[in-house]
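J.: This is what each chain is made of:
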Amino acid sequence: MGIDPTYGQVIHLPHAPVRAPEPRVGQVALQEVQAAFAGDIAVAGFILAALRRSARPVLWVQDRVSRRERGRLYLPGGGKRMAFSALLQIEVSHARDVLWAMEEGASCSGLGAVVGEIDGNPKALDFTATKRLALRAEASGVPVWLIRSHDAAGLSAARERWRIRSAPSMRAPHDPGAPGPPCWQVELFRARGRPPGKWVMRHDFAQDRLDLVSEAGDGAVAGDDPLRQDVTRA
Amino acid sequence: MTIRCDRTLPAHDVPVVLSRDGTHGAVVHAVSDAALSRGIAPGMRIVDVQAIHPDLHVEPADMAGDLALLDRLVFWSRRWGPWSARDGEDGLFVDVAGIAHLFGGEPQLLDDITARFAMQGLTVQAAIASTPMAAQMLARFGQVRIVGEDPAPSLATLSVRALRVGAETERLLDRLGLKTIGALDGVPRLSLMRRFSGVPAERNPLILLDRALGKQPDPLDAPADHVHWIVRTRLPEPVMDPTAYLPELAEELCTDLAGTGLGARALRLTIYRVDGDARRVDVAFARVSRDPAHMLRLLGGKLDGIDPGFGFDLIALEALRTDPLDEVQEGLDGARDADADVAGLLDRLTARLGPRAVSWSQWSESHVPERMEARVPALDHVPGAIPQIAAERPIRLLDTPEEVRVLYAVPEGPPAQFVWRRVTLRTARHAGPERIAPEWWRDKPGSRLRDYYKVEVEDGRRFWLYRQGVLGDGRGEEPRWFVHGFFA
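Just so you know, the sequences run in chain order A and B.
Residues are numbered in our numbering as their position in the first sequence, beginning at 1, plus a constant of 11.
Residues are numbered in our numbering as their position in the second sequence, beginning at 1, plus a constant of 30.
Isolated chain A, as found in the complex (with noise of 0.2 Å):
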């Protein structure tokens, strides 16, 4: 029995550096957004921020208690910052009607996107609608987006399952005690082909993109860092 010559070295594997997930956002066919506590509005508005601009109208639709609970979108709160030309509203009662017309919309390839907001956790909801969804939309190319409530669980095909809550917003530039541009805790916690990561984000008004923000709040980082970019088109 001779002895390993290697016995007792130290093996050094070459590695890539470590580097922070990139956040891209929208560029998956259905993706699930999920609020991370109840009635916390900045789902839709991280939806809002992440559509791509186009010319094309975008279908929103809600059951009813979403819209009781967390009331219909206002679009002039959107402001230059809309990234689409009309919406076409609908609103039924039942999630099996979301879950058709989010269908329908999902395979007509004149619309922008399709936004769907189902409350609750249905019995219409599982995961072969989700399929089926992700199926058709990826068919067509439309952006698809689920909204669900906090308390959603269980399987579901999107191919991409963000979480996220309401963060405290930047500073104003003008009044230290006011509110600034809105900041969200952004939690990718399931995704296909990558890995999940958690950030914090908020939407630039000016340029109209999703940019990070760094965890200490000072803002400033030097301009080709991964932490401060646009993900909505990376």
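Think of the hints as simulated: they come from the structure by calculation, not from any bench.
None of the values given here were measured: they were computed from a predicted structure.
Among the clues, some could well be false.
[Stated by the list, open to error] With a straight-line Cα cutoff of 27 Å, these simulated DSS-like cross-link-like pairs (lysine-lysine) come out:
#1 B:Lys332 - A:Lys142
#2 B:Lys332 - A:Lys134
#3 A:Lys209 - A:Lys142
Given the structure of chain A, go ahead and fit chain B onto it with the hints provided.
T.: Same frame as chain A, but now just chain B:
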């Protein structure tokens, strides 16, 4: 011109008049026989007539309804001739050339017309003449009812009013001493032409006279018959499921429509059951279409709700509204038309979810946030441009503002601590106020102003709170606080 029949009719000798709005108050529009016999004439003021005849019965005239009835009668009266048209606001023309022998002669034809209108509850004055102008003159003013080739002798005694030359020209003719058609006809043409050269053709006495005497053509502008785009399938045996028969019907209807360059805007599928009942399914299109596959998709979603009973044996598919539709060449690159895609989507969504559920927003000028937006059915409206507001606005708005309970109020600014939906929230930062005053031209007196604040609570959520009113504005109790919306 009928009195609505839901009330007791006035007695026979009570004068009844219809009123319409005149320049200085209501005037008489039409009179009953009893009123006519008392000397009441159209054009008199209602107050004057009421003063003279205290028992006068006045009803508002429904002039739009009269016109609509007349327009329907135009088509009904085609039973006596192929062409018919409306004459002014109270007349009908029917072209009966070469028709009279079918009714046994012209007197019998006139009798038939009078009798059939009487069956409908309408009194008519009818006349037959060789020109439309002469016929209307005889019907309205003449004694003779039927004149042959040359209407001149029968018209000669009529007043020049029968020509409908307008009040001004009538007065002028009166001053000239030309009171009857015969007198007018006796004047040399050249001088008439010179005298009335500036008067437009539809009021020019010479031209109207020529039309009445047949010296100038006066064709009828008869509206085209309505075309019913309807296809039917009769089944030898009653069936329970119509789905199998629809493709053929849709195909047939689309072929019919394509032949005239039309497309459907609304469809109705009627299913006649064997027990004599009928079931209807209506669908509408956002953009005019004659694509059988699209029609089938829309109808298919609505057939589940039909109760077939013991089966049905007749299916009819009808295009209720049609619009011109040209053939469209699709792009050679195979790309699909995005607008057409969206229009098709609108059709499908509306057909299943109903027109109220599918909406665009339209915007109006208002400072009150909830009044800016109006939802309109997407199928027959276009979306309005999204307005730009300088002030910051929330991205979600609650339909009804929810009251919050203030735990810890501060004299200036929003509450430092409040309860909303049973959760205590503590204000971290706030911006505002933005004062939005009630719209005095719309709101009730006593509506209170609102002071809006953007409030960020400690966990980072951003609310749009408002205080309704201010203390001591004399419009109610201590002001209350509401959540109206949410910021991103």
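J.: All hints are to be evaluated individually against the structure, with a verdict given for each.
T.: Taking the hints in turn, this is what the structure says about them:
no. : hint                : in the structure
1   : B:Lys332 - A:Lys142 : holds, 26 Å
2   : B:Lys332 - A:Lys134 : holds, 24 Å
3   : A:Lys209 - A:Lys142 : holds, 25 Å
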